[in-house]
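A.B. asks: Residues per chain, in single letters:
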Amino acid sequence: MSSFDAEHPAPPRRRPWNMVERGLTAIGLSGKALVIAAPALWLAIFFLVPLAVVFGISLTLKQFGRPPYTPLLTTEEGTVQLTLHLNNYILLFTDSLYVAAYLSSIRIALISTIITLCIGYPMAYAIARSPDRWRNILLMLVILPFWTSFLLRVYALSGFMRGNGVINQFLGLFGVEPLVMMQTDFAVYVGIVYTYLPFMILPLYTNLVKLDGSLLEASADLGARPVRTFLSVTLPLSMPGIIAGSMLVFIPAIGEFVIPSLLGGPSTLMIGRVLWDEFFANTNWPRAAAVAIAMLIVVVVPIMLLQRAQDAVVER
Amino acid sequence: MRRGWFLPIAAALGFAFLYAPIVSLVIFSFNESNLVTVWSGFSTKWYGQLLQDQQLLDAAWRSLQIAFFSASIALVLGTLCAVALVRFRRFRGRTVLAGTVAAPLVMPDVITGLALLLLFVAMEATLGWPSGRGMVTIIIAHTTFCMAYVTVVVQSRLADFDGSLEEAAQDLGATPVRVFFDITLPIIAPALVSGWLLGFTLSLDDLVIASFVSGPGSSTLPMVIFSKVRLGVSPDVNALATIIIGFVALGVFAATIVQLRSRPKKARV
Numbered sequence: 000m001s002s003f004d005a006e007h008p009a010p011p012r013r014r015p016w017n018m019v020e021r022g023l024t025a026i027g028l029s030g031k032a033l034v035i036a037a038p039a040l041w042l043a044i045f046f047l048v049p050l051a052v053v054f055g056i057s058l059t060l061k062q063f064g065r066p067p068y069t070p071l072l073t074t075e076e077g078t079v080q081l082t083l084h085l086n087n088y089i090l091l092f093t094d095s096l097y098v099a100a101y102l103s104s105i106r107i108a109l110i111s112t113i114i115t116l117c118i119g120y121p122m123a124y125a126i127a128r129s130p131d132r133w134r135n136i137l138l139m140l141v142i143l144p145f146w147t148s149f150l151l152r153v154y155a156l157s158g159f160m161r162g163n164g165v166i167n168q169f170l171g172l173f174g175v176e177p178l179v180m181m182q183t184d185f186a187v188y189v190g191i192v193y194t195y196l197p198f199m200i201l202p203l204y205t206n207l208v209k210l211d212g213s214l215l216e217a218s219a220d221l222g223a224r225p226v227r228t229f230l231s232v233t234l235p236l237s238m239p240g241i242i243a244g245s246m247l248v249f250i251p252a253i254g255e256f257v258i259p260s261l262l263g264g265p266s267t268l269m270i271g272r273v274l275w276d277e278f279f280a281n282t283n284w285p286r287a288a289a290v291a292i293a294m295l296i297v298v299v300v301p302i303m304l305l306q307r308a309q310d311a312v313v314e315r
Numbered sequence: 000m001r002r003g004w005f006l007p008i009a010a011a012l013g014f015a016f017l018y019a020p021i022v023s024l025v026i027f028s029f030n031e032s033n034l035v036t037v038w039s040g041f042s043t044k045w046y047g048q049l050l051q052d053q054q055l056l057d058a059a060w061r062s063l064q065i066a067f068f069s070a071s072i073a074l075v076l077g078t079l080c081a082v083a084l085v086r087f088r089r090f091r092g093r094t095v096l097a098g099t100v101a102a103p104l105v106m107p108d109v110i111t112g113l114a115l116l117l118l119f120v121a122m123e124a125t126l127g128w129p130s131g132r133g134m135v136t137i138i139i140a141h142t143t144f145c146m147a148y149v150t151v152v153v154q155s156r157l158a159d160f161d162g163s164l165e166e167a168a169q170d171l172g173a174t175p176v177r178v179f180f181d182i183t184l185p186i187i188a189p190a191l192v193s194g195w196l197l198g199f200t201l202s203l204d205d206l207v208i209a210s211f212v213s214g215p216g217s218s219t220l221p222m223v224i225f226s227k228v229r230l231g232v233s234p235d236v237n238a239l240a241t242i243i244i245g246f247v248a249l250g251v252f253a254a255t256i257v258q259l260r261s262r263p264k265k266a267r268v
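First to last, the protein sequences are chains A and B.
Take 0 as the starting number for the first sequence in numbering that gives the first Met the number 0 and just add one per residue.
Take 0 as the starting number for the second sequence in numbering that gives the first Met the number 0 and just add one per residue.
Quick caveat, the hints were computed from the structure, so don't treat them as lab data.
Remember, predicted model here, so these are calculated numbers, not experimental data.
Some chain A residues judged to face chain B by a derived CB distance under 10 Å, without partners named:
| id | residue |
| --- | --- |
| 1 | Leu50 |
| 2 | Tyr124 |
| 3 | Arg152 |
| 4 | Val257 |
| 5 | Trp275 |
Label pairs and their in silico Cβ distance ranges:
| id | chain 1 | residue 1 | chain 2 | residue 2 | range |
| --- | --- | --- | --- | --- | --- |
| 6 | B | Ala188 | A | Gly212 | 31 to 37 Å |
| 7 | B | Leu63 | A | Asp276 | 28 to 34 Å |
| 8 | A | Arg227 | B | Ile242 | 46 to 52 Å |
| 9 | A | Asp276 | B | Ala11 | 38 to 44 Å |
| 10 | B | Val95 | A | Pro130 | 42 to 48 Å |
| 11 | A | Met139 | B | Gly47 | 28 to 34 Å |
| 12 | A | Arg227 | B | Val22 | 37 to 43 Å |
| 13 | B | Ala19 | A | Ile44 | 42 to 48 Å |
| 14 | B | Phe5 | A | Asp276 | 41 to 47 Å |
| 15 | B | Leu63 | A | Ser231 | 50 to 56 Å |
Just so it is clear, CB atoms sit at the ideal spot from N, CA and C, and this is done for glycine as well.
Generate coordinates for the entire structure from the input sequences, incorporating the hints supplied.
C.D. replies: Here it is in structure tokens:
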């Protein structure tokens, strides 16, 4: 076929997007405006407005009826009245349950993050230093659990740690008494470390794989022992990776609900669970909303730290 | 540099920790015994029992539908958002859009779920829509957070290839829409595939947000699994988990193959 043949020009191919374009111009919309408007509109309606609604409802009081909270705006004899209640927030600071729940969430998230770092760092380093043909396979082995259902991994872990679980059966072979692991804070730590380990390894790996080997050699040539080289060369250089990985574990761990409710005991206090109970068990929507707003503030601080760490990486 | 013994051992232990619970779960799904952790012989009876559980099958089908629609809508919106952020350098509200699209990634699920439910309740009271909650509200909720992941994945791919190809097409007289479909779309196709798969998986996996925004009679698979697990470990959940893990492993292999195949093309570009 020769489309260059002057006598038989190829028929212009009909392309659907020409029609898309013509349609857009017909209704007076530029493509650019539409590209921006569609996602922006969706996020405004289903992300920003809901947060505003939560904030509004956190300033109401629980009541019986539908909806189960007092109205923010009331019209009485032609005047619109705005009624705001701060009771929910005052309670968050005065009721020791909430203060304890926030503190204990932060403690559990912090300790698990440190353990995850201690386990994840050597793994990320080993993968980064492994031969090329191994590296992709090992990375895939890290990512695979991340794709596997979160809920099912927590469940798998509970089968592992329960009274007659695999660990205790194994210990039983050596005559060790069964350990009580389930329904304790210990199980919650293990659960967080187990499920969030890939989040720690991946950013650390991306950081460590870029590490210049000649710096390590130089350090060794100057007589530094491996531990010294690690502490004064590798560790400082991998700081952005450490911060990014730690935040990726710490931030979601604070709001965790599934892990404490499947692995933790009745005494395990985490704020995500408090919010859940406040909403579903006590059906106190205004208080649940206030707990959510306060939790958001707790989470925003580490997010800003993460942002700064990432900006530091970009600047390098 | 001399290779030490510490790193390989630490990595091996780490991988054992990651995989031991999953492997034991798969093994015990073929266990004859009613007791979850006592081995009494090979059997596939728990898999047979799954096929009889109508509640579970309904929930699984519902979850697959929700995941399909959420991932697809999120793919379109997320891609548009990524194009806007990478290709249009300056427009009003750029920072707000960039921040808002990334926010669901770090937002605790309980907050997202609560916020969307309160929105739906308020909308129902004022607009009369959505009346009640079910698949539609779950799809909306899942689309919102899947969109964040699609945007991140597509964004990095878009930033990777330089805009000169698009400019060249434009110089040759192609309209912006045509440039997008003829040049941009084929190049970012692998990112679209992995973005969609990521959204699909995350939607299938979500328990917390779906629990908030679902109504009576619209339980998703994770919600059914969660209530089963709460009542105690039952062997048929092991079988179900094994099936899901098998599917996910297949999916990840498929996605890897797609990405490997796209590599020579990328080299040519």
